[in-house]
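Q: Same order as they appear, the protein sequences are chains A and B. What the first sequence shows, in my numbering, is residues 3 to 339, in sequence order. What the second sequence shows, in my numbering, is residues 3 to 339, in sequence order.
Bear in mind the hints are in silico, worked out from the structure with no lab data behind them. Treat each hint with caution, since some may be false.
As the list claims (entries may be wrong) - Not everything, but these chain B residues come out facing chain A in the computed CB check (under 10 Å): (1) PRO9; (2) VAL12; (3) LEU53; (4) ALA61; (5) HIS79; (6) ASP88; (7) LEU90; (8) VAL103; (9) GLN232.
As the list claims (entries may be wrong) - To give an idea of the chain B side of the interface with chain A (calculated C-beta under 10 Å), a few residues: (10) GLY54; (11) TYR55; (12) THR142.
In this text the structure is predicted, and so the values were computed from the model without any measurement. All residues carry an ideal CB built from backbone N, CA and C; glycine is no exception.
There are 2 protein chains.
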Amino acid sequence: MTDARPPSFVSARMVAERAGVSRSAVSRTFTDGASVSDETRRKVLRAAGELGYHVNHLARGLRERSNIVCLVVANLHTQVRAYLVDLLTRRLQAAGRITMVLNTEADTESVSRALRQTLHYRADATVVLSGAPPASLIETCLANGQQVILINRGERLDGAARIGIDNALAGTEAFHLLRRAGCERLAVVTSGTRTASLVERERAFTAAAHAAGAEASVTEVGPSSYAAGQDAARLVFGRSRTPDGVFCTTDLLALGFMDVARRDFGLRLPQDLCLIGFDNIDESGWDSYRLTTFAQPFAAITDAVMELLADPAAVPGARRLIEPQPVWRSTVRPGRA
Amino acid sequence: MTDARPPSFVSARMVAERAGVSRSAVSRTFTDGASVSDETRRKVLRAAGELGYHVNHLARGLRERSNIVCLVVANLHTQVRAYLVDLLTRRLQAAGRITMVLNTEADTESVSRALRQTLHYRADATVVLSGAPPASLIETCLANGQQVILINRGERLDGAARIGIDNALAGTEAFHLLRRAGCERLAVVTSGTRTASLVERERAFTAAAHAAGAEASVTEVGPSSYAAGQDAARLVFGRSRTPDGVFCTTDLLALGFMDVARRDFGLRLPQDLCLIGFDNIDESGWDSYRLTTFAQPFAAITDAVMELLADPAAVPGARRLIEPQPVWRSTVRPGRA
DNA sequence: TTGAAAGCGGTACCAC
DNA sequence: GTGGTACCGCTTTCAA
Numbered sequence: 003m004t005d006a007r008p009p010s011f012v013s014a015r016m017v018a019e020r021a022g023v024s025r026s027a028v029s030r031t032f033t034d035g036a037s038v039s040d041e042t043r044r045k046v047l048r049a050a051g052e053l054g055y056h057v058n059h060l061a062r063g064l065r066e067r068s069n070i071v072c073l074v075v076a077n078l079h080t081q082v083r084a085y086l087v088d089l090l091t092r093r094l095q096a097a098g099r100i101t102m103v104l105n106t107e108a109d110t111e112s113v114s115r116a117l118r119q120t121l122h123y124r125a126d127a128t129v130v131l132s133g134a135p136p137a138s139l140i141e142t143c144l145a146n147g148q149q150v151i152l153i154n155r156g157e158r159l160d161g162a163a164r165i166g167i168d169n170a171l172a173g174t175e176a177f178h179l180l181r182r183a184g185c186e187r188l189a190v191v192t193s194g195t196r197t198a199s200l201v202e203r204e205r206a207f208t209a210a211a212h213a214a215g216a217e218a219s220v221t222e223v224g225p226s227s228y229a230a231g232q233d234a235a236r237l238v239f240g241r242s243r244t245p246d247g248v249f250c251t252t253d254l255l256a257l258g259f260m261d262v263a264r265r266d267f268g269l270r271l272p273q274d275l276c277l278i279g280f281d282n283i284d285e286s287g288w289d290s291y292r293l294t295t296f297a298q299p300f301a302a303i304t305d306a307v308m309e310l311l312a313d314p315a316a317v318p319g320a321r322r323l324i325e326p327q328p329v330w331r332s333t334v335r336p337g338r339a
Numbered sequence: 003m004t005d006a007r008p009p010s011f012v013s014a015r016m017v018a019e020r021a022g023v024s025r026s027a028v029s030r031t032f033t034d035g036a037s038v039s040d041e042t043r044r045k046v047l048r049a050a051g052e053l054g055y056h057v058n059h060l061a062r063g064l065r066e067r068s069n070i071v072c073l074v075v076a077n078l079h080t081q082v083r084a085y086l087v088d089l090l091t092r093r094l095q096a097a098g099r100i101t102m103v104l105n106t107e108a109d110t111e112s113v114s115r116a117l118r119q120t121l122h123y124r125a126d127a128t129v130v131l132s133g134a135p136p137a138s139l140i141e142t143c144l145a146n147g148q149q150v151i152l153i154n155r156g157e158r159l160d161g162a163a164r165i166g167i168d169n170a171l172a173g174t175e176a177f178h179l180l181r182r183a184g185c186e187r188l189a190v191v192t193s194g195t196r197t198a199s200l201v202e203r204e205r206a207f208t209a210a211a212h213a214a215g216a217e218a219s220v221t222e223v224g225p226s227s228y229a230a231g232q233d234a235a236r237l238v239f240g241r242s243r244t245p246d247g248v249f250c251t252t253d254l255l256a257l258g259f260m261d262v263a264r265r266d267f268g269l270r271l272p273q274d275l276c277l278i279g280f281d282n283i284d285e286s287g288w289d290s291y292r293l294t295t296f297a298q299p300f301a302a303i304t305d306a307v308m309e310l311l312a313d314p315a316a317v318p319g320a321r322r323l324i325e326p327q328p329v330w331r332s333t334v335r336p337g338r339a
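From just these sequences and the hints, can you work out the full model?
A: This is the structure in structure tokens:
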């Protein structure tokens, strides 16, 4: 061990030399259906073990598919994203894929950069969880033979698959839940970062109210955070006409809203105020909250992604709409029904 | 456009043909310090744009470094992990690296599999956030010229860099905080999944108690979850000698513990019970909790990783110990000092 | 400045 | 079953 050179990855050639066989033999040993004699295989395996050899998937990817799937995501630290990425990476690995995570801002420029990386690394597929990629770039991905799967993105892009949550359904259902609970003064609280999902929830809620001849005020606050939820409550309950039924477009907003409503305004839930959120984050199930909400259909989304990945032909124009499941807890009075 | 073949990635050769130049010229156009005439460069760039060409980094990685960094992590959905991965991926990208996330279980076999993937994809470096990789495999990584950075892993492995949080310091400090607050019956609550970090916190707390001639009971419950924290409270307050000062080794435990202590046992914090957690997750700052705790030094950890990555020579045997910062809130009485 | 050619690490196809 | 060879897409000599 007087080798002074910096160590570098061991290649098939080195293994071949050590085992006294050809490179082909080494390759065959590590190729599934190839024919190698037991004798040769043993020699190769031994040499490989001693050297610490691992097949170079980068080189292999030169000829065939790379097996790389890129996840383009923003706000990875939020629970909803983290759960989805957790599940996706797990499933992808189980399917023999490797995941590259491109953590971007939500703005178009950042997403574009990420998408270009996806191309640079010859990813077989790109799954976009955040941001709005420009159509032209998606085109390029598709033209390069890449599968593109958009999750909860508003835009429709031909050639890309779209998986979405039925946000409108949730908004509509939220209205009816509150109505059945006997609420008369309705409000929706949403964040100022108006992503497509949030807008759909809000619109569906107010539309349902309209259709039923009811009114629903809309309050828009900063980001989708606990603190913004608090701000919203201070705003809403500072006004003359205070609501008795509120739909917050995310749980985080709802939780902040709830704390201020109870603490600062002495409201009891669900007696004085009925509240519904969306996401079903862990905290919503805690004793302090017990929030009635809608669950993100993580499993169904992941299933859909894996299905599309397994069948590239099905991707162009594919569309899946998944229903979020209502989670009944304690912030809405049971209806008379 | 009557091409019926499935599309595939466009290569430099195609660009060269279209631009009427050599492949070398294309390569040079996309290589930083290379000399190309403006004329040629323009032709190449135009052809590349039309075709949607992107340099194949996989092929490039055959000769030089791959620029791939692997993150080996378990429980990606937990807030502490998600925050760290979020920050790391962001910084890595900013430094021109690409991140592969290997989401594993914490058991040795899963981590080993992940580490082998790391080798297959010729990652320049592997950052282990979870699990305990076998020393032999780490050896292999190092022998292949890979940098290995262990975060919060107990074991010491020569050749790998270790970045750790000073958990012992936190445990000791927690004791003194409770002592100064006048607590007399001390307890520590920790999870049954005894990771190195958790054990260090617990041990340091009980050791400090001992050294001061005090006693501290230890209660061990299931996972590091809110529900387990609730269980712990039921256990602890069901006993004859109930504590008035508790250190939970994670915030999640503390929050569950707190809810049951208040709701089921009518305890007021900090009057009847002082409580300290660890992690400073978002929820701990919420109105319902205002938990006194220690903040995970995410930024410092990430800085250390980036520093080590930038200077491979510094990695072998490097060791960084980072102090968690106490976060004063409302669950500990101010001391007399 | 430019094109030809070699080589990076593999796999597939070819005789033998 | 085995080794030789060509080729995947790129960068880097090397001559011209």
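Q: All hints are to be evaluated individually against the structure, with a verdict given for each.
A: Structure-based check of each hint:
| no. | hint | result |
| --- | --- | --- |
| 1 | PRO9 | holds, 4 Å |
| 2 | VAL12 | holds, 6 Å |
| 3 | LEU53 | holds, 8 Å |
| 4 | ALA61 | holds, 6 Å |
| 5 | HIS79 | holds, 4 Å |
| 6 | ASP88 | holds, 4 Å |
| 7 | LEU90 | holds, 9 Å |
| 8 | VAL103 | holds, 5 Å |
| 9 | GLN232 | holds, 7 Å |
| 10 | GLY54 | holds, 4 Å |
| 11 | TYR55 | holds, 9 Å |
| 12 | THR142 | holds, 4 Å |
In terms of the numbered hints stated before, the structure departs from none.
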